[in-house]
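Engineer: If you're matching them up, the sequences are chains A and B in order.
Here the first sequence stands for residues 768 to 1159, numbered as in this note's numbering.
Here the second sequence stands for residues -6 to 135, numbered as in this note's numbering.
Calculated directly from the structure, the hints in this document are not laboratory data.
There's no promise every hint is true.
As the list claims (entries may be wrong) - Derived Cβ-Cβ restraints for the label pairs, each shown as a range:
1) P17/B / P933/A: 57 to 63 Å
2) L40/B / V1082/A: 26 to 32 Å
3) Q1003/A / R133/B: 42 to 48 Å
4) R(-3)/B / E800/A: 52 to 58 Å
5) F1006/A / E38/B: 30 to 36 Å
6) A13/B / A950/A: 36 to 42 Å
7) R(-3)/B / A950/A: 44 to 50 Å
8) P956/A / A13/B: 54 to 60 Å
9) G1077/A / P26/B: 35 to 41 Å
10) P26/B / V1082/A: 19 to 25 Å
On a predicted model such as this, the values are computed, not experimentally measured, just so you know.
Glycine included, C-beta positions come from ideal geometry on N, C-alpha and C.
Spelled out, the chains give:
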Amino acid sequence: MKSVIPIGPFHPLQEEPELFLLEVEGEKVKGIEVRLGYNHRGIEKLCQARTFEQDTFLVERICGICSNSHPLAYVQAVEEIASIEVPERARFLRAVIAELERLHSHLLWLGLCGHFLGYNTLWMWAWKAREPVLEILELLSGNRNHYGMMKIGGVRRDLGKEKVAPLLKVLDQLEPELEKLSALVLEDPVIRLRLKGIGVFTKEAAQSYGALGPTARASGVAIDVRKDHPYAAYEQLDFKIVVEEDGDALARTRVRLRECGQSVGLIRQALAKMPEGEVETAVKEIPAGEGIGLAEAPRGEVFHYVRADGSNRPVRHKIRPPSFMNLPTCQATVIGAELADAAIILAAIDPCYCCAERMATVERGKDKPRLTGEDLIRLSREKTARIKKELA
Amino acid sequence: MSERAERMRIALAWKILDLAEPGPGRIMIEAEPAHLVEAAQYLLENLKARFMTASAMEREKEFELIYHFALDPERLIVSVRIRLLLEHPATISLCHLTKAAEFIEREIHEMFGIQFPGHPHLNPLLLPEDWPSGNCPLRREQ
């Protein structure tokens, strides 16, 4: 007998509301349908009614986690239209903020991953490690999130000399924490069994779906906007694209953990190489034209297309966040999986999704909830407990 | 014109109306809607491009639809622009070439009312299920 399990759309833990309709037969997932739009705020339309300067603020509010990636991609699109040269120092500052954002976003994801698997200690540890990153962002920008740092022509605030030492101190303290977390996650036999071979996504599928960010890189697709279409100061920073070949949930976890370590190194490099000088250029007016801005958000490529007609506001502003491309991939990864693994597979693509507690199983035609969301997390945790027992 | 742009122009020849290089790492192609699929096929299959997304906008007398492709190893973004009439706008879906086109075509369909023959299911993606049909939020008169 087939049943449909709706996951979502609303949950306090969720960053974005989404609805996944899982069609299950027994314990196996047979089909999935994704529904979006619960959080559609018409921002593209709103952008057309505001000035170029105001839009920087508006697009920063698209997402609370990658709140820097959207304005970064947007200001680059406008800078392309107006051929604005961004000062060197501002380019490095953009990279510093972008990497701090990646650190806090990946650690947030790692904590949620632990929560889904029934490892609440990992959840607490990951979020404890994330806290100093948010605090240092507050020191640099004045805010723990929505930093308001990006600006057409540069950045809004310079990095004072007095702020470099606390930033370096946070990085020094974070490094051993990251090593500890990596060892905990990658060497624990139970977590390994829960993630290895789960939600496998082949390289061919990743390319066909146009998957982005860690979701693509864990399947052997070496794409990273920072390397492929360099922006900010990434051309001057030395790093390699993090790629894993296995394509399963473990590979996606490994990519994110390795990227955390890489981000620490990138911030150190940027601080060492950052020249003195201005952090913004004066912008007069935006001529008619069109521009594309790209940025590598923690979840993958953010795409902004801006069209100007010579007035002070865009006539079209198209925004394509990475989750828009990564969400359909669950059609390839969840179908055929066990129900107990569904939560972690959906979470492994990090689609701003953490809504497993808002589920209910509904038998077709009867509309009577049989399984609650808590049951699905319980199923996931029971599987972890079962593996623990088998290993003992 | 750079060598790679020239190569692309020769390969696409009569399938495109114009090819320009507006800036470093950008190529803008103008094409007739009838030749969109062939141009996309060339980019996706011959050049192994990655489908990024598509963006539509309404102008005074036409719709502009731009398909964006990335050639990551070449640090290049190729955009293909087609123009559609305001009355009954439609263009062949690219879903048979890449699964990545499925969501964005659904979004453009509900926001602008553009039809994509060949799409497996043009259900609403972002708007509620009870949204009045024919009301396209990104159209000018809305």
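Engineer: State for each hint whether it applies.
Structural biologist: Hint check results:
no.	hint	verdict
1	P17/B / P933/A: 57 to 63 Å	violated, 38 Å
2	L40/B / V1082/A: 26 to 32 Å	holds, 30 Å
3	Q1003/A / R133/B: 42 to 48 Å	holds, 44 Å
4	R(-3)/B / E800/A: 52 to 58 Å	violated, 41 Å
5	F1006/A / E38/B: 30 to 36 Å	holds, 31 Å
6	A13/B / A950/A: 36 to 42 Å	violated, 53 Å
7	R(-3)/B / A950/A: 44 to 50 Å	holds, 46 Å
8	P956/A / A13/B: 54 to 60 Å	holds, 57 Å
9	G1077/A / P26/B: 35 to 41 Å	violated, 28 Å
10	P26/B / V1082/A: 19 to 25 Å	holds, 22 Å
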